[in-house]
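A.B. asks: Protein chains in written order, with the numbering used here: chain A, 1000 to 1386; chain B, 1000 to 1386.
Everything labelled a hint here was simulated from the structure, so no lab data went into it. Don't take every hint at face value.
Repeated chains share a single entry, so a pair holds when one copy, or any two copies, can fit it.
[As the list claims (entries may be wrong)] Listed next, the in silico DSS-like pairs over lysine-lysine satisfying Cα-Cα at most 27 Å (straight line):
| # | residue 1 | residue 2 |
| --- | --- | --- |
| 1 | 1265 | 1378 |
| 2 | 1056 | 1141 |
| 3 | 1003 | 1141 |
| 4 | 1378 | 1141 |
| 5 | 1265 | 1056 |
| 6 | 1003 | 1378 |
| 7 | 1056 | 1003 |
Number of protein chains: 2
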Amino acid sequence: MELKDFLWSLITIYVCARVMGELAARIGQSAVLGELLAGVLVGGSVLGWVEQTEPLKLLGEVGVMLLLLEVGLESDLQSFLRVGWSAALVAIIGVVTPFGLGYGLAVGLHMSQLQAIFVGATLTATSVAISARVLFDLGKLKTAEGNIILAAAVLDDILGLVTLSVIVGLAESGTVSWLDVGRTAGLSVLFLTLAILVGIRYAHLFSRLVNRMHTRGRLVITALTFTLLLGYAAEVMQIAPLVGALAAGLVLARTEHQGHIGERIKPVTDVFVPIFFVLVGAAVDLRYFNPFHPENWPVLLLAGGLAVAAVTGKLAAGLGTVGGTINRWAVGVGMLPRGEVGLIFASVGLSRGIITQGEYGALLIVIVLTTLLSPMLLKRAFSEAGR
Amino acid sequence: MELKDFLWSLITIYVCARVMGELAARIGQSAVLGELLAGVLVGGSVLGWVEQTEPLKLLGEVGVMLLLLEVGLESDLQSFLRVGWSAALVAIIGVVTPFGLGYGLAVGLHMSQLQAIFVGATLTATSVAISARVLFDLGKLKTAEGNIILAAAVLDDILGLVTLSVIVGLAESGTVSWLDVGRTAGLSVLFLTLAILVGIRYAHLFSRLVNRMHTRGRLVITALTFTLLLGYAAEVMQIAPLVGALAAGLVLARTEHQGHIGERIKPVTDVFVPIFFVLVGAAVDLRYFNPFHPENWPVLLLAGGLAVAAVTGKLAAGLGTVGGTINRWAVGVGMLPRGEVGLIFASVGLSRGIITQGEYGALLIVIVLTTLLSPMLLKRAFSEAGR
Chain A
1000 MELKDFLWSL ITIYVCARVM GELAARIGQS AVLGELLAGV LVGGSVLGWV
1050 EQTEPLKLLG EVGVMLLLLE VGLESDLQSF LRVGWSAALV AIIGVVTPFG
1100 LGYGLAVGLH MSQLQAIFVG ATLTATSVAI SARVLFDLGK LKTAEGNIIL
1150 AAAVLDDILG LVTLSVIVGL AESGTVSWLD VGRTAGLSVL FLTLAILVGI
1200 RYAHLFSRLV NRMHTRGRLV ITALTFTLLL GYAAEVMQIA PLVGALAAGL
1250 VLARTEHQGH IGERIKPVTD VFVPIFFVLV GAAVDLRYFN PFHPENWPVL
1300 LLAGGLAVAA VTGKLAAGLG TVGGTINRWA VGVGMLPRGE VGLIFASVGL
1350 SRGIITQGEY GALLIVIVLT TLLSPMLLKR AFSEAGR
Chain B
1000 MELKDFLWSL ITIYVCARVM GELAARIGQS AVLGELLAGV LVGGSVLGWV
1050 EQTEPLKLLG EVGVMLLLLE VGLESDLQSF LRVGWSAALV AIIGVVTPFG
1100 LGYGLAVGLH MSQLQAIFVG ATLTATSVAI SARVLFDLGK LKTAEGNIIL
1150 AAAVLDDILG LVTLSVIVGL AESGTVSWLD VGRTAGLSVL FLTLAILVGI
1200 RYAHLFSRLV NRMHTRGRLV ITALTFTLLL GYAAEVMQIA PLVGALAAGL
1250 VLARTEHQGH IGERIKPVTD VFVPIFFVLV GAAVDLRYFN PFHPENWPVL
1300 LLAGGLAVAA VTGKLAAGLG TVGGTINRWA VGVGMLPRGE VGLIFASVGL
1350 SRGIITQGEY GALLIVIVLT TLLSPMLLKR AFSEAGR
């Protein structure tokens, strides 16, 4: 990619994301909704202005890591732990129900075992990035519901990792090594726990290090490097790097510099994040959405069924919350967006030949639907409750 | 490039740049000196930890653009215009003398005409990026000397563009189309003048636009997009995009948001800029520097001669300044660094077969020498003058 093309892509992304984000905010929606739609617009299936090139993708990935760093910085571990049981229940119900419903539907439609398992699995994983961003936009990050949604989405990510390794095992050898699966799950839980506990124990060293530096950018670069390190470690453990970044944020929230880090990191996040959401939007292939094309009818029907499974599954998860004052509807709605996680899942399935083009199209529709629906419904869920 | 490798490269760059930058500051040097040396260290000829991959290069390019945006924001057009004649003289003398000396030396050493012209030309262009960064680090951006250095370095860039097009013409067809050369030069001057004049005339529209936005990041994204646009336009006109970014900064300096833009853009600059300087350092091939290898002796001798030409040429340029109170020594020293511009020049020559490996090595040594010398000498030049 030449510099000229890179600059032009960035300009396109920023202008479109901003215009659409502002419009979304103007009609009372989360700005991320506008950015996702901007992505669909500039992506290959409409205008074709922005391609999924490597530098842009990498910048986007760093972008969500920064977003999760900010989420961590503004949260505190205590309030996550306080909702631990609720979050665990939401995560588990939110994985089991959509999987069961999707699997059942697929078997009923005479798909193969492997296909049915795959379709069910694609419906399970909530997108941490989109949930976090919507909560941010709505200013609901620090509510009990916000904490439950985030914690459950992170647990989802680990459960999703387990599911994916089960499926890849099934597809490749026809059997599942439960030992491997258990090890993957155990290691990732261990990593998260250790990173946060050890991190908090030694958080004061961060401030001491920064205080000994004299040159410009000491705070932002040290915080960023720490975040990249934990993200890298997560990636090595095969968990999503943004889970590592969240851990970094939770640790940095315990330092004396917490406020200043947030202040300095915000503009950096603002620069990287739109790239991510625009690319997620741009990855959507609209060709399956046309209802006037008879070939799409079976796809749309399947999508309808799967969408019901995907939505009711996560809404049921919202019921899993413990405690009387929780807005269960908001939690369920907040768990809806499948976003980039679903997209990755679906495209793995397509490229490995596990699912057909039509099934891929149907999953795509479900992912777009849940992702766009969640910001709208979440806003209403919070405002109706008068919070 | 996979995400894992990308994260690891960033971590390496940030850790090494910071450690070396802090050390440089500790011994009273500009931090950029440390970052350049960190680059040499992690680059291919020593540790080989960081490769010149595309995403990193693009980020670095955006980094220098942000640096020049900041320079523009903190400057004002008036003080540039006030030193206009001095800057023009410095630029012209600073191109003509090193060219003449280098060319003469090369002819004396029986190089071909084309080779001699090329070697002379490589000695001409001052690196805007490094000069600007050193002035920044030393807090001398707003001095008359700082203004002269920057303005002259920008003019240098345009003169360098002209020189390069002359040489490419000579190398390809043996003749020079003076019409083309004149058009290139004219267009780039026109672009700069127009961008700044029209920009300042309509600068109030920027603030009006930003004030109508409601979502997060409106200031930083709008300023960045404007900068990328002018950088892109410069790139299209074949001038360095950082000249466009400087123009953007000068325009934004006239808006009511000037202070806030600076505040928000600083952390973003801090994140991007070290990548650029580390990559410049990493591009240095140390194999020609070993004096214990007899094969290198002619290279080192040639380098010695060219270094004298390169240094005296720019110091002579310092004498070109008009006005009694100017620290002419500081101006000359500030024009020394050839940095990435020289590197690009030299590698074009090598890859097109215009110069030999040995001549390339000698030029490399000169570039490194002038680039590392300038921060050290500039600091002393300013402090001796008691300013």
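A.B. asks: Determine for every hint whether it applies to the structure shown.
C.D. replies: Hint by hint, here is what the structure shows:
1. 1265 with 1378: within (23 Å within a copy, 33 Å between copies)
2. 1056 with 1141: Neither, since 29 Å and 39 Å both go past 27 Å.
3. 1003 with 1141: neither (42 Å within a copy, 31 Å between copies)
4. 1378 with 1141: So residue 1378 and residue 1141 pass the 27 Å test inside one copy only (15 Å; across, 49 Å).
5. 1265 with 1056: both (20 Å within a copy, 24 Å between copies)
6. 1003 with 1378: So residue 1003 and residue 1378 fail the 27 Å test inside a copy (39 Å) and across (35 Å) alike.
7. 1056 with 1003: both (17 Å within a copy, 13 Å between copies)
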